[in-house]
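Number of protein chains: 2
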Amino acid sequence: MKFRISRSALVEAVSQVSKAVSQKTTVPILTGVKASVDEDGLWLTGSNSDLTIQVCVPVKKDDKEQVKVETIGSVVLPGRIFSDIVRKLPGKSVDWVVDEQWKTILRSEQAQFELKGLDPEEYPRLPQLREDRMFSLPADLLKSMIRQTGFAVSTSEARGVLTGVLWQISSGKLTFVATDSHRLSRRQADVEAPEDLSVENVVVPGKSLSELGKILADQTGWVDVVLSENQVMVRADNLLFFSRLLDGTYPDTNRVIPNSGKTEVLLNTKELLQSVDRAALISRDGQDNVIKWTMKGEDTVQVHSASQDVGSVLEEVGAQVNGEEMSISFNAQFMLEALRAVDSDEIQIHFTGTMTPFVIQPADREDALHLIVPIRTR
Amino acid sequence: MKFRISRSALVEAVSQVSKAVSQKTTVPILTGVKASVDEDGLWLTGSNSDLTIQVCVPVKKDDKEQVKVETIGSVVLPGRIFSDIVRKLPGKSVDWVVDEQWKTILRSEQAQFELKGLDPEEYPRLPQLREDRMFSLPADLLKSMIRQTGFAVSTSEARGVLTGVLWQISSGKLTFVATDSHRLSRRQADVEAPEDLSVENVVVPGKSLSELGKILADQTGWVDVVLSENQVMVRADNLLFFSRLLDGTYPDTNRVIPNSGKTEVLLNTKELLQSVDRAALISRDGQDNVIKWTMKGEDTVQVHSASQDVGSVLEEVGAQVNGEEMSISFNAQFMLEALRAVDSDEIQIHFTGTMTPFVIQPADREDALHLIVPIRTR
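Residue numbers (our numbering), protein chains in the order written: chain E, 28 to 405; chain D, 28 to 405.
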């Protein structure tokens, strides 16, 4: 195995796969990065027990040579130090030579590193997925859908399937749902899918999606998504992402989403966010992180929070209120996270009662919603 | 107590004193910030058992009114939440009212916070220092002296006095010395001091100096330094900083600094820094963080490090070498920290032998030096 590679291209690829590399693991070889060079370029693979990322540095990009291959081959290098080395090498290109014992030399200008590599045959194979359940969507849309739902998954491993985001497809419409049973976020979008593709219970671990969001950060084109019994694969430019799926049946959440409200409120998203953020300063020191809203007259939402030890906060936010005057108490942190996931300037909130869930929606679209279960207070 | 204050000025002052406020403490009132308003402006004080910071927001700054006082008075507010609140208040000014029970109202535009304050009489008084041992220097110089020595203090509380930086004054020259007994850093500068001022054993805790460096970040003028038996006070524009001193006698370090070298090497600081940084990638995984230098011929320093488990690195750095060829091993981290403290483009290193300390100095000045004790290797 012998080749020369552009250092900047290598640095970028290593930083992508490093997101999947285990720091600690029961499978020692997974602390490494697998590198394979062939006629197409350099392939790097990083993996932990849940997800696998493979990145390709193609031989040419925009007609510029990035990899010059002399001899093809593979090796596994210790992940953390390999990543540190390529970042700190001095030159614009790296000469990379591996011998039969996987001893690896990385040379760049006056600096030369020698690393003990491992046998690539011992590195786990990539999952092989049949591509019969597949759909496509823009990378930016997938990133939005992840960002607007992922925060609502349960963080308690005891809740199993709720630590993931439910993916459903029906009639070309993709739906993401996440809930920890105290709040729920849902996002829908049309995707390019075969008309007869129907998916009901694919649950992707929240942590995998959070990594996927990061590695898609610079992707602008479309991505393909392939689903199998226990894996999801996302394929973008020079990038493959695999995650295992969660076992178990995701609960039916459609019934908990109310269709109409007793009181409807229209508010400016940013103003409301700042006001909840301030009230949360007090509620964080109190019990349960609770703040209280009172809808007053036709144009005011009063935001209030009090903590016995610290003090209290009171402020009014301008709004359009339709329906009954009412008060409701809820977790300020849930509201903050929901509001931060909204990209629209205005939001609509539908209250159904003091003790029943309420729904937050961007005022200008119906494909996204956040539901919060109120808290009973004295 | 009743006044109105510019919120931006308040935010800045609070962020300064917050650096001294205890998160946990055996003296509960020290988790608070003391606020006192009088004809001069608002005074904020934060403290922990080691250091105290007092900041003034003067009534006027550059002819612009910052504080409008109606009634003078004092109160102690819970530090962390008070700091969060002022940062997140919506308006350009804050109305601040405290009643007889120290209940405090902070109002800014539509937002109103009510906080439980504490009796300011219970807050510790500032130390009263006689100003007979005093000197002055530019804030920038003091910051440099801290940055170029503070990193070398011992982090082991067992070493008592070595966790601080020694301050000495003689004939108008201020000297800072820090050592953990494996390396030493020294910086000297002329300051404005009475000719007969002689200081031999003032030791300031390294942690206090690190905070002082931060709060002086934006200061550009001169600062006064006042020394007492057990406190140092630094006075800058609208700012007072107090730190307790460490007990004990600092060891005499002059004897350990060699005066001449067997081998002298002149190197480019940045090139060398990058090379040591790379070598440290390997040494960090090995024993003792050791790298080895070999001075070869008249123009080369060979940098080498090897770790049995990971691999090795070898590179050559251009240099001007005068004297005997030799090899020496030392702690890479100590060298990195010393090199990062050097502002000059070139450095001179004086080696006295394989097992005796060597000295790193900026090539263009003699007021700063770093000494490193080599490590015996197999």
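Hints listed in this document are in silico derivations from the structure and should not be mistaken for laboratory results. Everything numeric in this text was worked out from a predicted model, so none of it was measured. Wrong hints could be hidden among the right ones.
No distinction is drawn between identical chains; accordingly, a pair holds when it is met within one copy or between any pair of copies.
[As the list claims (entries may be wrong)] As a list, the in silico DSSO-like pairs of lysine-lysine whose alpha-carbon atoms are at most 27 Å apart:
id: 1; residue 1: K88; residue 2: K319
id: 2; residue 1: K130; residue 2: K289
id: 3; residue 1: K95; residue 2: K200
id: 4; residue 1: K29; residue 2: K87
id: 5; residue 1: K119; residue 2: K297
id: 6; residue 1: K323; residue 2: K87
id: 7; residue 1: K130; residue 2: K319
id: 8; residue 1: K200; residue 2: K88
id: 9; residue 1: K88; residue 2: K323
id: 10; residue 1: K115; residue 2: K297
id: 11; residue 1: K289; residue 2: K88
id: 12; residue 1: K319; residue 2: K143
id: 13; residue 1: K87; residue 2: K319
id: 14; residue 1: K319; residue 2: K115
Cross-check of the supplied hints:
1. Neither within a single protomer nor between protomers do K88 and K319 lie at most 27 Å apart by alpha-carbon distance, with minima of 56 Å and 40 Å respectively.
2. When the C-alpha separation of K130 and K289 is checked against a cutoff of 27 Å, the pair qualifies neither within a copy, at 71 Å, nor between copies, at 39 Å.
3. Within a single copy, K95 and K200 get their C-alpha atoms no closer than 44 Å, and across copies no closer than 60 Å, so neither meets the 27 Å cut-off.
4. Within a single copy, K29 and K87 get their C-alpha atoms as close as 17 Å, which meets the 27 Å cut-off; across copies the closest is 70 Å, which misses it.
5. In the homo-oligomer, the alpha carbons of K119 and K297 lie at most 27 Å apart only across protomers (18 Å), although the nearest pairing inside one protomer, at 45 Å, exceeds that limit.
6. For the identical chains of this complex, K323 and K87 are neighbours neither inside a copy (64 Å) nor across copies (41 Å), given an alpha-carbon limit of 27 Å.
7. Taking the closest pair of Cα atoms, K130 and K319 come within 27 Å of each other only across two copies (22 Å); inside a single copy the shortest separation is 64 Å, beyond that limit.
8. Proximity of K200 and K88 under a CA criterion of 27 Å is satisfied in neither setting, with 34 Å inside one chain copy and 61 Å between copies.
9. When the C-alpha separation of K88 and K323 is checked against a cutoff of 27 Å, the pair qualifies neither within a copy, at 61 Å, nor between copies, at 42 Å.
10. Only between protomers do K115 and K297 lie at most 27 Å apart by alpha-carbon distance; the minimum there is 13 Å, versus 42 Å within a single protomer.
11. With identical chains, the CA atoms of K289 and K88 are never at most 27 Å apart, being 58 Å at best within one copy and 53 Å at best between copies.
12. When the C-alpha separation of K319 and K143 is checked against a cutoff of 27 Å, the pair qualifies only between copies, where the shortest distance is 20 Å, while the shortest distance within a copy is 60 Å.
13. Within a single copy, K87 and K319 get their C-alpha atoms no closer than 59 Å, and across copies no closer than 40 Å, so neither meets the 27 Å cut-off.
14. For the homomeric pair K319 and K115, the shortest alpha-carbon distance between copies (19 Å) is at most 27 Å, but the shortest distance inside one copy (52 Å) is not.
Against the hints set out earlier in the document, violations occur for numbers 1, 2, 3, 6, 8, 9, 11, 13.
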